[in-house]
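All chains, full assembly: derive it from the sequences and hints.
Residue numbers (my numbering), protein chains in the order written: chain A, 1 to 499; chain B, 1001 to 1378; chain C, 2001 to 2500.
Think of the hints as simulated: they come from the structure by calculation, not from any bench. Computed from a predicted structure; not experimentally measured. For every residue, glycine included, the Cβ atom is placed at its ideal position computed from N, Cα and C. There could be a bad hint or two in this list.
[Said to hold, decoys possible] Here are a few chain C residues that face chain A, going by a calculated C-beta distance under 7 Å:
no. : residue
1   : Y2346
2   : A2350
3   : E2460
4   : R2480
5   : I2488
6   : A2495
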Amino acid sequence: MFMDSEPRFEDITCGLESTARAPGAMITETREAIALARRFNEAVVRPYALELDRHMQEDPNYLPWDFVKEANRWGLYTLFIPKIFGGKGVNLPALSYFLEELASACTAMSNLVGVHYLGVATLTASWNIRLMNRLMRDTAEGERTGNPCLISLAITEPGAGTDVEDVELVSRAKVSCQAEKVDGGYVVNGSKIFISNGHLSTWHALICYEDLERPHETTVMLAVKTGDKGFSFGRQENKMGQKGCPASELIFEDCFVPDENVCFDRYYIERFTRASRKNKRSVEDYTMQVIDYVLSASRAGVAAFGAGVARGAYEEALEFAQETEVEGKLLINHEWAQCLLAEMYTNVSLSRLSYSETNYANGLYGMFKVLQWKPFFYYLKYVPSSIIDRFIAPLLDMDFVTWLFRKLYFDWQKDEEYQRTSGWASLAKFTSTDYGVRNSQLALEMMGRAGMRHDGRAEKHLRDSKLLQIYEGTNQLNRQNLFKCLIGRTIPAARMFEE
Amino acid sequence: MKTTVSDELKMLEEMAGDFAAKELLEDREENDKYPFGPLFEGVLTKAHDVGFFSIMLPEEMGGAADAVNAVCLVLDEVCRADASLGGIIFTNARAQEMVARAGEVEVLKKIAANAAGYAGLLIAFPSFNNPGEIENVAMVERSKDKYILSGDIEYVVLGGIADSALLPAKVKGEEGYSLFLVNLKGDGLDIGEPVLSLGLHSCPAVDMSLSDVEGKLVGQEGKGGDYFEAAVDRLSVAAAAMAAGVIKGSFVEALDYTKERVQGGREIVNWSEVRMLLSSMAVKGKVADILVDRASRSVDCGEPGWQLDSRAAALHVQEMAADATTDGIQLLGGNGYMKDYGQEKRFRDAKQIQALMGLTPMRKLKYIKRIVDGELPW
Amino acid sequence: MFDRILQSTLMEKDPKFEDIMCSLLSVGKMPRGLIKEAEEGMALGRRFNEAVVRPYSLELDRKMQEDPTYLPWDLVEEINRWGFYTGWIPKLFGGKGWSFSAMSPFIEEVASECLGIANLLGVQYFGLSFLFVSWNTRLIDMICREVIEGERTGKPCLISGAITEPDAGTDVEEVELLSKARVKCYAEKVKGGYVVNGNKIFISNGHLSTWHMLIAYDDLERPEESMIMLAVKNGIKGFSFGRMEKKMGQKGCPASELVFEDCFIPDEYVCISRDDVKDVRRGIKEANMQLIDFVVSMTRPGVGAMGTGVARGAYREALEFAQETEVEGKLLINHEWAQCMLAEMYKNVALARLSYMECGYVNALHGMTKMMNVKPVYYYNKYLPTSVFDKFMPASNKRESTTKLFRKLIMDGQTEEEACRASGWASLSKFAATDFGIRNCHLAIELMGQAGIRHDHRVEKFLRDSKLLQIYEGTNQLNRLNLFKCLIGPSIPEAEVFND
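Pasting the structure below:
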């Protein structure tokens, strides 16, 4: 009875519940993933990060294909794809630690790898298993042949940035990317901007709208391939930081997308909701649930970037302090510098704790939950890929399987559960990215002139970190989402986005 | 700043505002590309012609009465549009001021008289470092009545542009350092490429190596630190003025954008959290304005405690600028991050401005030391 | 995935996996019973809040403002009746043996209603922690059983930790500082015991306690090597109470002066002295630091929990106010800026909590009580009734050999790295959570305006209460330096702490 009042136990003990329940082998996998990331940093990222940033300053239209090919060679684009979809199946919470590690050396390069998993997460949120399987196996094929096949998410439009991240705002948004239902598929017209990795991706999970007057009720997710007729790339933005990761414009002019590449649309949801007896949710609700699944996973990733850049800035400051004398004494032995470094260390730790907690929440209540169910986890871990590919994978084409996963993830996720994952993801996102910017600023204050130099690495962290406060929902929107999911939900009088 | 002090200053302020609007705003993105694009030499020539690089000189050479107030007015207006020019004005003013503090006004007069264009007038100087904190000095040897400098000096601002530089050097084994004027077009100098940096791109700094370069002693031997700190006393408020200009520019652009951009079904200026951020920026801009105005006049009039006025203004306004420009980007959303808009440059410039004159935490410690040692806090 | 040797080299670099992954490393190792226990701890706290704390906290604070010398005996008796003074005493010593992982959530709950009362309750374990790190099982057993008796008879037996002196506050928490400190509490070795002269100040719960774990020094020139812990009982000749401080907040919990004038303490009440740490691996000064670290590694996360609690209390009051109050004709809770502010406050609470929970994991894996969480020990301890323990433990506890065994095991069984990890994380949680605590109080008052400054709306009291958290248990500045010393400095040979 007491445990009914706020804060709810389940809201605040995801870590605790997980430590007692999650499979222990996750620890080893995580350790290995981090070690791999460190090796990659040492061999590829650190030697090349400054050069890429500098190159981009000279030529803002450069595309870092050689980096992408290198990452592809290292197998990074299939590392976290589950084995049933042809990947190497490292556990998904480990992705965050992996991305933190990369981001501590270069946020842009961490994005070049991480954004692919954002695309993967977007596809996954549709729970169209057949399509997911096909596209992810394309990525695996791309690894085998040496022609990287990346997946990206295309949602932001010129007239709708913050507006696309929440269903209530979408309903009033001025969206322009229209998908017209035709025989055999959809025809898409419109454009998308600021799409990370756009120019470098093969598959694009495109969010568009059938009825531009009622976008929240007519959302369509399509899988569009680079090279499809009617689809082309436009400009590449000239960003202050994270320069190595292109922010692309995607242009659709009467682009036809066949039915087999429809991830989900309202007709599918309507069929699904009619079939289920408890018809509590509307199309709008299901759409929001899809978006929440994506955001709950992706925002944890951005939080990992935040923790990473916070750490990178801290490490640069620490190194500078060890080597530089100020007023005749090593900076690291000035008491004020020790306190400042402790503050920066804490900022990194708190960031990491926040995204870890989000991952635990996702593992218990969100996208990762099936994968972390012990029997499933160990089965997938120890059964060889060849057997999975031969016997399990073909099952994924079955309608039944898609239906099952959708039931599991849509109907069987309580409101409370997706509020929890979504709220925590927002919390981690704005917390870690604010700390990322903060640590970068503190590092520069400590390093003075040495910090201003490009070759000092520190100023790049500041430029890179600022974008983290903006994309994946501005930090203001994320605060509002936290309010919506974890505070306002028990307050009948609370209204969102009103005024 | 709406100055009411004198007509001369009012005119200067207006002129600077016009200059900024006409000459700096339009090509701001292009000008910021340096070193990957050309240096804005046209702008520099015009700035030289209207006297921006002469403000701290003696009046007979084109300087202003109430020089500190004047340079602050100019810096505020200029930095709203492009702080790189502000960085050049500031660095040059620092160098000129140190020469003046060393009692070598004749030297300044000679430079001014002989200068054909801006390169002849400008004096390069490592304006981001305090040699007393972190040694970034050359070594100097006395040879008969000449001074021979050798060694490496990092981050000499304007070193790739100006004809002469004011450089710190010390005699091996001795305490303290001295200041020397060096002809950058002479022999023995290995001047590097502009150091790619966070902000103030068109106010470039270079690393340089000196090999038996002759230097002219400025002031007395070993007194470099005194002249440095004296100039910092006078011109800290000018760094504050730069930061104030950046805040103001950032606010205006943010306000304009939020009145246009529609999200959530209305202009975003009508969301209260957006207004909260705007309010915070506006207040910072206002406080900076009042502070710089008061402190700069205090310096010119020699009010009791003027040195602390000047330094406190710098410390506080620079910090406000770092915070305000972060919000300045935020209010433009994704666009704020892109070079097509002016906010990201202001963010970078604000942080770089904070690094002028030495490590910020050390400046804070120096500030309190003066009070602990007996200066009145107000 | 790839070669082990390369992996271990890579993983040796900072940040080390073991430093940052304690919650993950606990995966699979922690007994599942911990979940339930944390929940029970929270529920218990909420019950206590509803019945006792919330109804009384404002009144107590008001009373203390009127009469700063008032001692809240009725409250202490109530807490005693609820069994909280023996709850976390291990069954080994006759207590109820509640899990330590339940303590912090419980403290957070009580702190979310009143820090003063949380302190009245929590300081018992602060005092006990001093006693425990001495591992003098005979004295621990004796004193614990008196506490238990006190619960049975309704006459509370509280224990205080007496370490702070007028000229040595920050200085007593760190052996480097101690070596330059001006401590005055002198314990002169005489035949059969020690004679103590000096005084202690700011001792929480002093006037309310029966036993006082006194830290004194038998050589004032070298205090870092001559630390001695004595168990002093009320009524002993030469020991008296002095003033009670007039604090800005946490008024309900007295901060007392203890005065020692030629106070003779017999040998049997020496918990631990330098003779006792001769046998351990480390030198005396380092061993003393390890003892201090044992204490603070356990108590500082507790202060972190208190910071979390007050952060939460402030948030809760602000939220309630926002739901009920219209501003410009609209409920405050529907103003966008207020929603963002409340989200910020919520986040502060969440981060504060994550920090002390992580300490829980760190202590479970590396701290003084790590063996308690090993699954067999845990379940054995949980399910075996106290009565069974009582049959065997008292006798064995009295033996000198038991003490010696535990001391060696515990002190030598913890590596330097583990000690650093536990101490560093405790400091992190302490300063981070308490900074969040006061921050939320500021934000709440900003949100509530005129209502926020009224006593009867609670938040102004929270602000007054929260400030002390940044000061005791080591100031937040000291705690930052300790974090540096423990988690940053060790891999940097040139780094020196406390040498400005």
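Now the hints, each set against the structure:
1. The restraint placing Y2346 (chain C) at the interface with chain A holds, with a minimum CB-CB distance near 6 Å, inside the 7 Å limit.
2. With 7 Å as the threshold, the beta carbon of A2350 (chain C) comes within range of chain A, its nearest partner Cβ sitting at about 6 Å, so the hint holds.
3. Annotation: interface hint on E2460 (chain C) violated; nearest CB of chain A at approximately 22 Å, more than 7 Å.
4. Taking 7 Å as the C-beta contact cut-off toward chain A, the hint placing R2480 (chain C) at the interface holds, the least distance being around 4 Å.
5. Interface restraint check for I2488 (chain C): the shortest CB-CB distance to chain A comes to about 6 Å, inside 7 Å, so the restraint holds.
6. Interface restraint check for A2495 (chain C): the shortest CB-CB distance to chain A comes to about 5 Å, inside 7 Å, so the restraint holds.
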